[in-house]
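Working from the sequences, and respecting the hints, build out all of it.
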Amino acid sequence: MFNKLKPIWLVAKRELKDQLRDWRVLMPMIILTLCFPYLMNVFASEFVDFLNQFDANLLRDRLVPFSILIIGFFPITVSLVVALEAFVGEKERGTIEPLLSAPLDDWQLYFGKLLVGVITPLIASYTSIILYLLLASRLNLTIPPASELLQLFLLTTAHAVLMVSAAIVISVQSTSVKAANLLASFIVIPVAILMQGEAVMLFWGNDQVLWYGIAGVLLISLLLIRVGISHFQREYLLGREIDSINLKWIVKTFISNFTGEAKTLKDWYQHVLGAALQRVLPALFFVTLIAGVCIWASYAWIKNNVADMVATATPEEITDLKESISGIGELPDLSEIQDHLSASFLFLNNTRAVAVIFLAGMVSFSVLGIMLYMLNISLIGGLFALLELLGTNPLPIFFSRCCSAWGF
Amino acid sequence: MIGSAAVLYFWGQLWSRLKWASLWGEVVIELLADWAKIFIGLVVPLLAIAAVIEAYITPSLLFQVMGN
Numbered sequence: 001m002f003n004k005l006k007p008i009w010l011v012a013k014r015e016l017k018d019q020l021r022d023w024r025v026l027m028p029m030i031i032l033t034l035c036f037p038y039l040m041n042v043f044a045s046e047f048v049d050f051l052n053q054f055d056a057n058l059l060r061d062r063l064v065p066f067s068i069l070i071i072g073f074f075p076i077t078v079s080l081v082v083a084l085e086a087f088v089g090e091k092e093r094g095t096i097e098p099l100l101s102a103p104l105d106d107w108q109l110y111f112g113k114l115l116v117g118v119i120t121p122l123i124a125s126y127t128s129i130i131l132y133l134l135l136a137s138r139l140n141l142t143i144p145p146a147s148e149l150l151q152l153f154l155l156t157t158a159h160a161v162l163m164v165s166a167a168i169v170i171s172v173q174s175t176s177v178k179a180a181n182l183l184a185s186f187i188v189i190p191v192a193i194l195m196q197g198e199a200v201m202l203f204w205g206n207d208q209v210l211w212y213g214i215a216g217v218l219l220i221s222l223l224l225i226r227v228g229i230s231h232f233q234r235e236y237l238l239g240r241e242i243d244s245i246n247l248k249w250i251v252k253t254f255i256s257n258f259t260g261e262a263k264t265l266k267d268w269y270q271h272v273l274g275a276a277l278q279r280v281l282p283a284l285f286f287v288t289l290i291a292g293v294c295i296w297a298s299y300a301w302i303k304n305n306v307a308d309m310v311a312t313a314t315p316e317e318i319t320d321l322k323e324s325i326s327g328i329g330e331l332p333d334l335s336e337i338q339d340h341l342s343a344s345f346l347f348l349n350n351t352r353a354v355a356v357i358f359l360a361g362m363v364s365f366s367v368l369g370i371m372l373y374m375l376n377i378s379l380i381g382g383l384f385a386l387l388e389l390l391g392t393n394p395l396p397i398f399f400s401r402c403c404s405a406w407g408f
Numbered sequence: 409m410i411g412s413a414a415v416l417y418f419w420g421q422l423w424s425r426l427k428w429a430s431l432w433g434e435v436v437i438e439l440l441a442d443w444a445k446i447f448i449g450l451v452v453p454l455l456a457i458a459a460v461i462e463a464y465i466t467p468s469l470l471f472q473v474m475g476n
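For the record, the sequence lines run as chains A and B.
Residue numbers for the first sequence follow the numbering used here, so the first one is 1 and each next one is one higher.
Residue numbers for the second sequence follow the numbering used here, so the first one is 409 and each next one is one higher.
Because the hints were derived from the structure by calculation, they are not lab data.
Please note: incorrect hints may appear among the correct ones.
Said to hold, decoys possible - So, partial list: chain B residues that the calculated Cβ filter (under 7 Å) puts toward chain A:
1) W423
2) V436
3) D442
4) Q472
As the list claims (entries may be wrong) - Chain A regions said to be covered by chain B (calculated; three or more residues, Cβ under 8 Å):
5) 185-198
6) 247-258
7) 287-299
8) 354-362
Just so it is clear, CB atoms sit at the ideal spot from N, CA and C, and this is done for glycine as well.
What follows is the structure, given as structure tokens:
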């Protein structure tokens with residue numbers, strides 16, 4: 001086993017030596033690693049002074065964990081360039097041939113590049129975080145407990161593995177370093193959006209949810225590594241063709257695929273759409289399964305976690321709760337529903353929801369699209385359970401309130 | 409549900425069918441065409457039917473059942 005892992009370290013060592021001997025690669029990393037914590041500390045100091053005027057203790061207490069999250073992220077984005085040019089850079093410099101002719105398996109080559117791609121940004125991130133913690137401890141700031149620090153270090157590691165594994169996939173598939181760098185925005189932007197969600201979790205202070213976040217990010221990273229290895233073809237790396245954009249060909253191919261060989265609309269529905277639907281069936285089955293699990297999970301969660309709260313709540317609190325979810329204690333005037341909900345409004349609203357799921361899914365390997373869908377569908381189970389707990393028959397409300405939000 | 413499944417299908421197929429980068433374009437267009445077929449041929453008509461049901465039939469049924 002050790003003999004099989006040794007070549008991975010050889011590839012990584014070769015790459016590390018290559019990086020460490022070039023000051024142009026090292027200097028930006030060193031400057032950013034050392035200067036950014038200092039800048040963040042100055043910002044934190046000013047921010048704390050500002051918050052003290054308003055007695056905003058919550059924001060002040062969560063400032064250090066949030067800063068650690070940001071400080072850990074920046075060196076990774078800068079060092080990502082190293083991973084992005086892992087294969088395509090070697091191809092452009094003409095050094096890929098000796099590497100590919102070495103007696104190494106594809107997976108050993110891949111993991112060697114992945115290892116050095118992860119190590120470099122992680123060293124920079126950890127150094128930045130430790131430096132910031134030293135600086136922050138001199139200010140009157142709340143340093144997070146050890147368990148939260150562990151979470152933040154793990155989250156930074158998960159981000160690094162996620163971004164580098166995606167960067168290596170891009171590096172293998174790109175035809176030039178320029179293209180790889182441009183494609184990197186598809187890594188940086190989704191991870192930046194993901195971090196906004198994680199920042200909300202940090203300010204919320206729910207450790208358990210953050211653990212789920214870490215597990216989710218690591219899971220996606222493992223999937224990316226798995227996909228990267230399965231699609232890694234050393235023969236392709238030697239090819240030097242450039243993918244050019246041919247609009248005429250794109251339109252022609254799309255129309256040809258869209259219409260199939262159908263002559264009439266009936267023929268199209270029967271054969272072309274029918275065949276496409278058959279191909280989507282496994283995904284549809286999976287999505288239906290997700291729907292079932294989400295409805296059940298949200299129903300069970302509300303029943304387990306909210307039941308005690310409802311049981312110990314005063315009648316005034318129950319009334320407030322009922323009013324807060326749009327007066328569910330009584331149905332709205334049904335004669336007014338038709339005046340407020342027109343068919344065109346519902347159609348446009350639901351079409352917009354499907355379009356948002358499509359766009360979110362397209363920029364996130366379908367992850368965000370499925371998450372939006374899960375969020376939407378979970379409301380049904382949660383609302384159903386909440387209504388039962390409040391002693392209201394959920395079925396009429398279920399039809400009147402949920403159907404319009406559900407759509408298809 | 410069908411819309412989400414179509415996006416999941418798109419990425420699932422893209423990852424499983426891509427072996428050579430030179431085929432990226434063809435595979436992506438083919439999968440986008442599949443998504444467009446399902447969206448235009450199935451999702452949009454179903455959304456239209458659902459909108460009509462939600463706007464006209466559901467309130468009438470509730471009106472009869474609840475007597476409001």
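(message) Tell me the hint numbers this structure goes against, listed in increasing order.
(response) 2, 4 and 5
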